Amino acid sequence: MTAFRLDGLHTRPAQTWGTFRLVPLVRDEPVPWLRLHRKAYGDKPTVVDVGDGSFYTSYFIPHAFVATWQDGEAAASYGTRLLDKDTAGHAPPRVPVRMTRRMARRADRTRLRFLPLHLAVEGYLALHFGGPEIVWEEYSRRAVSRGLSPRAEEAYTGHLVQGLDDALRIFEIHDGQCGVLVYVADALASAFVVPHPDDYRALHATLVEDLFGELIYHYALLAAPAAPFPVRIDDTAVRSPADLWAQAALRRREWADFHDEVMAAGLFGQMSRYQSVQALHDFELTRFLPSFTPRRENHIGEVITDGDARVAYLKTFRLSETQTRRGYLLTRLAEYDWNLRATAAALGTDEAALALRLERAGFGYLLRQDVLDHFRAQARTPASGQRPATRRR
Amino acid sequence: MTEETHADLIACEDALMFVNAAITSTGQREFHHDAGEQRLSLDFLHAYMLANYREVYAAALALDVNDHNAVMIIRNLLAHAAEVGPQRRRIEGRLIARRLELLPPQRVYRLFRQVRRAGINNRRVRAIFRDWLAARPDLAFDAVKYRGAVKDAARHAHLPLSGELGDFLFRPRSRKSFRTPVFETWRRAHYEQAAVYELPYTVAQGFAARHGIPHEVFLERIAPKLTRLERLRLQTSARVHKADAVRADLRTMPLTRLASYVLSLPMDERAERRAELTDALRAAARRVAGARAWGRVAAVLDDSYSTVGSGEKRRRPLAVALACHYLLEALATDYRPLWTSGRTDPLLLYPHGPTPLGERVLDALDVLAAPAPHPGTEAPDRLVIVSDGWDNDPPGLAAEVLRVWRTRLDPDGRVEITHLNPVYDADDFDVRRLSPAVPAVGVRDAEDLPLLVELARFSEGRLGLAELRAHLDEQVESFLEKT
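So the protein sequences, as listed, match chains A and B.
First residue of the first sequence: 1, per the working numbering; consecutive thereafter.
First residue of the second sequence: 1, per the working numbering; consecutive thereafter.
All the pointers check out, no bait thrown in.
For each label pair, taking beta carbons as the anchor points, the in silico distance ranges come out as:
no. : chain 1 : residue 1 : chain 2 : residue 2 : range
1   : B       : Glu37     : A       : Ala223    : 18 to 24 Å
2   : A       : Arg239    : B       : Met267    : 43 to 49 Å
3   : B       : Tyr350    : A       : Ala237    : 36 to 42 Å
4   : A       : Tyr328    : B       : Pro266    : 52 to 58 Å
5   : B       : Glu230    : A       : Arg239    : 56 to 62 Å
6   : B       : Arg292    : A       : Asp308    : 56 to 62 Å
7   : A       : Arg201    : B       : His215    : 34 to 40 Å
8   : B       : Gly342    : A       : Ala223    : 33 to 39 Å
9   : A       : Arg169    : B       : Leu265    : 24 to 30 Å
The hints are simulated quantities; they were obtained by calculation from the structure and are not laboratory data.
As the structure is a computational prediction, the values presented were derived from the model and not from experiment.
Cβ atoms here follow ideal geometry from the backbone N, Cα and C, with glycine treated the same way.
All chains should be built: construct the whole structure from the sequences, respecting the hints.
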């Protein structure tokens, strides 16, 4: 699959607040036939009447969205999912979320909720590499009962990223705005696009529940405020009010081009792997992976494209350095169908070393406990396989 | 010589900055900055002006600064009275006394409490308190309505209270009955329900809760005792509880308050009562406009999302813009409004969308660049911009357009441009200005619009410190003469 195009989305001038620069993306016409699942609005899933005679045949549910599905238990959706109108009552693949009583009481039924914990990122990463759902469930079970592995690096929820909540609150949403790119100290933190402006208005505030890596957290805390880039009009070119209009239009175009080619280049230049997950009517849900080059921008994400390869829904996540390294490991594992032996051979080590490397990277939960213990013991003994001589004092 | 002029220029700018800030800011949470930042910024500004330009600072009491800032000025002048000589103190004392007469009583009582808490007490302060309390038309009524504050003021000023007032404030249970009617009513309200309805609303509320009177009955019967503002505030509650006696008279309400009220109604109700509300707004605007007649006016009015204000000042910037809209309609012979969201129905406004000020200003200038329909009229063309100045679609375009217009397309100043800003920016210690070429004045109530626009024109020319001082002296004199 070739890279997707942002046709149909126009870049509008950015709004800055503190270190944040939020660049709005506006559509002339919403993407037809695709909407956010009504359950997200707290309604029962019925046909959406939009008043112009059309009705929506497909819904999508973003990854890690928490809702009560069929069995009355709160569960988080595992991966973005496309649903047909007829199957709107069926629940998507999901993972039960064990919320503490305090969380459950505070959660407001009518507000959109996303998983606020590390679980979302871990699941996201595992999801991208084709790991089975049981992987996430196993991980989440362990994480809740025993706490997170000390090797898991921190991801910061948007509430902790200094100034993000103010920047989102102060942002003035354009008419027809369907997307936003969030830059922290002019480093792209995440991109987010939805098919319809009403969906965007509902989801705009939930960006504060996104997870951001350590880099973004530090940039938000320590960087200088973003410069606003005010427009400059060339005096000599103006002889009448019509010239002023022309200059204004020219500056708008210049900003849009600059943004698309320079600022957002890291997003589109990096895609190397696409994995088509689901196709429904004309829409295709794809997950994409970067090249995992260290010390470069690496974004992973999900995108729904319509029949003309235009983006309908997009959500990206920027990987931190540690996550890039882990992503590399997971890529190799996925390449060899999660077979330890084959992967170890490809990487030039043996199975035990690979298992320990996985454990160091924080993926110990992928292995069965006794298997992992076996490898650990193997690594402690010398290569001949003999037991070490115990010295009695 | 140059240094003197330079310092004068800075002094002028500072004075105008302070006047703008003192007119607009109220220390409450705004859209971009919260209450803490606003107060911090304002406190610093007051301290700065007090230390560096004390005459201008005190003279500001004679200008139209809002009540919150007037109270701050008075408190600062009283706290730092020892720093100036007796001559200066006398003038300040007269200004303070005169301004206290104009402030609403609850603010004065709050000021007294602040002064007491700050520990400022000397003969002058006590004399000021005494004079003001002596000038109150009905101190007994104040004692019932603001009991705690009157007690503090009496204690602080060492007032020799004798007779019923002293007993009521400090030993209310020592008397079996009072001769002053309002004290007697207050005493009887403890056990008699009929007496409750003769007390002021705030006091009666407590007694009603004590007696367990249902809210509808209470509202219905207390209606004659409500002040105008209380009546307005209780409108919705009264409607819900079906107490018809509480009905605000829209025809006598001031313009900005009426605009705030209209914006607080839901859309359906606004559409239903369209005729009534539009008539009331137009009547209020005509009252303010009086006999003035301006020429052609194009107005750029901000109804972007930032006009939602904050929880403490709900939709205030939008209310000011709406009020200015109707006022300009009444003032101008040829009026063209341009809202940033592109909407045309002023009654169905709500804060929405970004702020494309640059493009609206271009639209307005297009309208004004066309030749006047009645050439040879006296009144100049005007462009009035009512906005908080956060131009973001694209940022800085309005500033550039105004700059190029003033320097290239209209160097003679045929079109007079004024920027009215209803929001105080805590970072800049001033209202946010669009462009150095266009004067920005702070506005709190749209009723001040004609005066502010004239003032802005005055300040656009070469205003030196000497002229400013002369103008302030003139204002102070006329202010003090009104005693």
